[in-house]
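J.: Given next are the chains, with one letter for each unit.
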Amino acid sequence: MSDILTLENVKKYYLAEKIQILDRLFGKKPIYVKALDNVSITVEKGTILAVVGESGSGKTTMGKLISTIENPTDGKIYFENKEVSKKTLIDVRKKTSMVFQNPAVSVNPRMKIKSLVSEPLGHFDADQVRAMLKNVGLDYDEIGNKEPKELSGGQVQRVAIARAIIKKPELIVLDEPTSALDESIQAQILNLLIDLQKEYNLTYIFITHNIGVAKYISDKIAVVYAGKIVEYGDTKRVIENPKHPYTQLLLSSVPSFETKDLKSPTGGVPSLINLPPGCRFSGRCPFVMDICRSQEPGFVDSDGVKVLCWLYGSS
Amino acid sequence: MLLEIKNLNVSYKTVNGIANVLNNFELSMDAGDIISIVGESGSGKSTLGGAITKLLPPSAIETGSVIVDGKDIVPMSESEITNMRGTTIFMIFQNPLNSLNPVKTVGYQLMEAARIRNDRLNENMNDSALQKLVIDTLKEMRLPDPEKIMNRYPHELSGGQVQRIVISMALILRPKLLIADEPTTALDVTIQAQVINLLKKLNSDYKMSIIFITHDLSLAYSISNRIMVMYAGRVMELNDSEEIIKNPKHPYTIALLLSVPTKYKDEARLYYISGSPPSFFNLPKGCKFSPRCEKVFEKCREMEPDLIVSKGNSRIRCWLYE
Ligand SMILES: Nc1ncnc2c1ncn2[C@@H]1O[C@H](COP(=O)(O)OP(=O)(O)OP(=O)(O)O)[C@@H](O)[C@H]1O
Ligand SMILES: Nc1ncnc2c1ncn2[C@@H]1O[C@H](COP(=O)(O)OP(=O)(O)OP(=O)(O)O)[C@@H](O)[C@H]1O
Ligand code: SF4
Ligand code: SF4
Ligand SMILES: [Mg+2]
Ligand SMILES: [Mg+2]
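Protein chains in written order, with the working numbering: chain A, 1 to 315; chain B, 1001 to 1322.
You may find that some hints are simply not true.
Calculated pairs, DSSO-like style, for lysine-lysine (alpha carbon to alpha carbon, straight line, at most 30 Å) [stated by the list, open to error]:
| no. | chain 1 | residue 1 | chain 2 | residue 2 |
| --- | --- | --- | --- | --- |
| 1 | A | K94 | B | K1265 |
| 2 | B | K1265 | A | K95 |
| 3 | B | K1148 | A | K260 |
| 4 | B | K1006 | A | K263 |
| 5 | B | K1263 | A | K134 |
| 6 | B | K1013 | A | K236 |
| 7 | B | K1207 | B | K1265 |
| 8 | B | K1265 | A | K220 |
| 9 | B | K1176 | B | K1054 |
| 10 | A | K260 | B | K1201 |
| 11 | A | K168 | A | K11 |
| 12 | B | K1207 | B | K1176 |
| 13 | A | K29 | B | K1139 |
| 14 | A | K149 | B | K1006 |
| 15 | B | K1263 | B | K1285 |
| 16 | B | K1201 | A | K220 |
| 17 | B | K1132 | A | K18 |
| 18 | A | K149 | B | K1249 |
| 19 | A | K236 | B | K1265 |
| 20 | B | K1104 | A | K29 |
| 21 | A | K236 | B | K1139 |
| 22 | B | K1139 | A | K28 |
| 23 | A | K64 | B | K1246 |
| 24 | B | K1265 | A | K18 |
| 25 | B | K1139 | B | K1207 |
| 26 | A | K45 | B | K1265 |
| 27 | A | K220 | A | K11 |
| 28 | A | K28 | B | K1132 |
| 29 | A | K146 | B | K1054 |
| 30 | A | K18 | B | K1201 |
| 31 | B | K1265 | B | K1200 |
Okay, the calculated bits of chain A under chain B, using three or more residues with CB under 8 Å as the criterion [said to hold, decoys possible]:
| no. | stretch |
| --- | --- |
| 32 | 121-131 |
| 33 | 179-188 |
| 34 | 194-203 |
| 35 | 215-222 |
| 36 | 299-313 |
For the record, the hints were derived by calculation from the structure and aren't laboratory data.
Even glycine gets a Cβ: it sits at the ideal position worked out from N, Cα and C.
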């Protein structure tokens, strides 16, 4: 199988505060939020990668870099084994699309729904739009002439999905695409996405906070914490036998019908500006050792899963 | 009684005509109640929240009575309702960016909320005390570098960080009735647990009532004493959380619970309710769920069932339980 996407030591730093001219005069140095820090990953064509992890850990940033909406501060991104650069950008954009986390603010508010969905086609095709909307549980006659603000949250989200898949691009980044959907519509959409993926050999990067959804839809899972991928491997292996202490915490915090009690997290929140010297999870980790506080762990292989943690030795 | 909704009707004027979303809607809540609303996407959950806070768009027509803390808000003027927003009722919007001003820093907006509460309740805190309150709240929300985040604009934060800013606003304002419309969709389950526990604490310490709109049935189970299930603008079932989850009665509730993903994709295809979601311009006669219901029988297609009281807290709209 061939690789469709590779990130190599990718970094994305944002300015933590705007630097004004006056600040520069007085020699104030810019400070950065390290949204994504040295991330490397390879995605095989025709597979589904779920990205789960902490809120604010860099998942959307990763999605935006992959769909070339933002440029990395450092590192390289390869699409179909060619480095993404000014020269290849048009081709990459033609073959990718993204469903944004906040569809209500990322779609053009003045456009009618039917135009929004058909826009990627380059021409208007009512039959195709009608069929696509039906696939996501929406009725062309009812909403085709409406504007996004006249729809419910979950309806806009489905419009955004319809728009992203209508041209069946090779690689689709879906950022929390079912967060505003009821369980039945969510199930219908997940089935649809899987069908399309099989039929056209598509690749998805599926960002979600819903562990049940990640477990169901993906072939591989990447777990992100504070700007780093901390665990990566086959979905079944990661779900059944999570290695990284953060992954373990995440999986054990999923709300269930067994108990009404939810466990609040303990320990400090790592700064993304002044990162702690060693492991980023050390302030919260129940297994923390001396080395964790001083040196950053590197990736090690443990039962076929990649883990960024000193517990599993060093590479 | 903190909230009493009677004969509430909400319709939207659209290019295709008038869509009648909520019909004779009723709901009562005591101070300290937490009720979750789950159900079909597009069934009117956010519309209900907008109706209670009088924040529906101009194209909406709202009639009936919504009595909050002893006052009917439906006939109120904008200035009267403004005095109640924030400290009496506050709504966390489904799209949190809608609650924030894009050209003001989040710190500025949180300080404004803190001052409103301080002024209205004569709490006599000075600006530095308010600032401390705001930063402490952000810390409780587990936001990294809270002092720096105060200086950022909403679009410079992650989806879940924006959500936590708006939740912080609710914690600072501490309203009598909080309507939280899918407030944790962008949070990972560990931070979500923190937020839910903070809301539960406000509820037990100050009797803050909460209407919690969510699609996550386990979350609804965790936070609320009652769950209300909506479909096509109607309440289909309303009961104690325990009962809705462990002993669901309405065919729609049962189907919804069956659709929750628990397996791997190579084990089974996901169950979902076949057929199309209803359109408000073309609602079926009879029971609104009848075209998709596995238990449908003759009568269902002819007449719409009422929301009947079965026993105790239980309400159900289905001919099977007549
Ligand atoms: N334009 C920006 N300026 C400054 N900081 C930013 C900007 N955009 C994002 N960040 C910061 O970068 C970090 C990563 O953000 P990102 O949106 O990628 O997180 P995420 O993993 O998608 O989180 P969530 O699950 O909450 O959506 C966050 O700490 C965020 O505050
Ligand atoms: N401004 C508007 N103009 C016209 N129709 C609207 C408007 N806002 C909402 N609607 C319609 O009213 C119905 C109820 O919408 P509402 O936003 O209350 O649903 P919801 O239950 O919150 O759904 P979701 O779970 O998807 O957020 C939907 O069918 C929607 O299309
Ligand atoms: S490296 Fe150390 S602190 Fe970090 S997760 Fe592993 S054991 Fe915990
Ligand atoms: S009334 Fe009939 S159609 Fe409606 S939910 Fe009950 S059994 Fe199904
Ligand atoms: Mg995000
Ligand atoms: Mg809604």
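J.: K1263(B) and K1285(B) were given as a pair; does the straight-line alpha-carbon distance stay at or below 30 Å?
T.: violated (37 Å)
J.: CA of K1201(B) to CA of K220(A), is that 30 Å or under?
T.: violated (38 Å)
J.: Holds or violated: K1265(B) with K95(A), Cα cutoff 30 Å?
T.: Roughly 26 Å between the alpha carbons, so the hint for K1265(B) and K95(A) holds.
J.: Please work out if K1104(B) and K29(A) have their alpha carbons no farther apart than 30 Å.
T.: Holds, because 23 Å separates the two Cα atoms, which is no more than 30 Å.
J.: Take a quick look at whether K29(A) and K1139(B) sit within 30 Å of each other, Cα to Cα.
T.: holds (26 Å)
J.: Does K1265(B) sit within 30 Å of K94(A), going by the straight-line distance between their CA atoms?
T.: This hinted pair holds, its Cα atoms lying about 29 Å apart.
J.: Holds or violated: K146(A) with K1054(B), Cα cutoff 30 Å?
T.: holds (23 Å)
J.: For the pair supplied as a hint, K18(A) and K1201(B), confirm whether the alpha-carbon distance does not exceed 30 Å.
T.: violated (37 Å)
J.: Starting from K1148(B), check that the Cα of K260(A) is at most 30 Å away, please.
T.: Distance ~35 Å between K1148(B) and K260(A) Cα, so the pair is violated.
J.: Between K1263(B) and K134(A), is the straight-line Cα distance small enough, at 30 Å or below?
T.: holds (26 Å)
J.: For K64(A) and K1246(B), compute the direct alpha-carbon distance and say whether it is at most 30 Å.
T.: Answer violated: K64(A) to K1246(B) is near 41 Å, above 30 Å.
J.: Check whether three or more residues of the stretch 215-222 of chain A sit with their beta carbon closer than 8 Å to a beta carbon of chain B.
T.: Per the Cβ count (3), the hint holds.
Hints 3, 4, 6, 7, 15, 16, 18, 21, 23, 24, 30, 31, 32, 34 and 36 from the list above are not met by this structure, while the remaining hints are.
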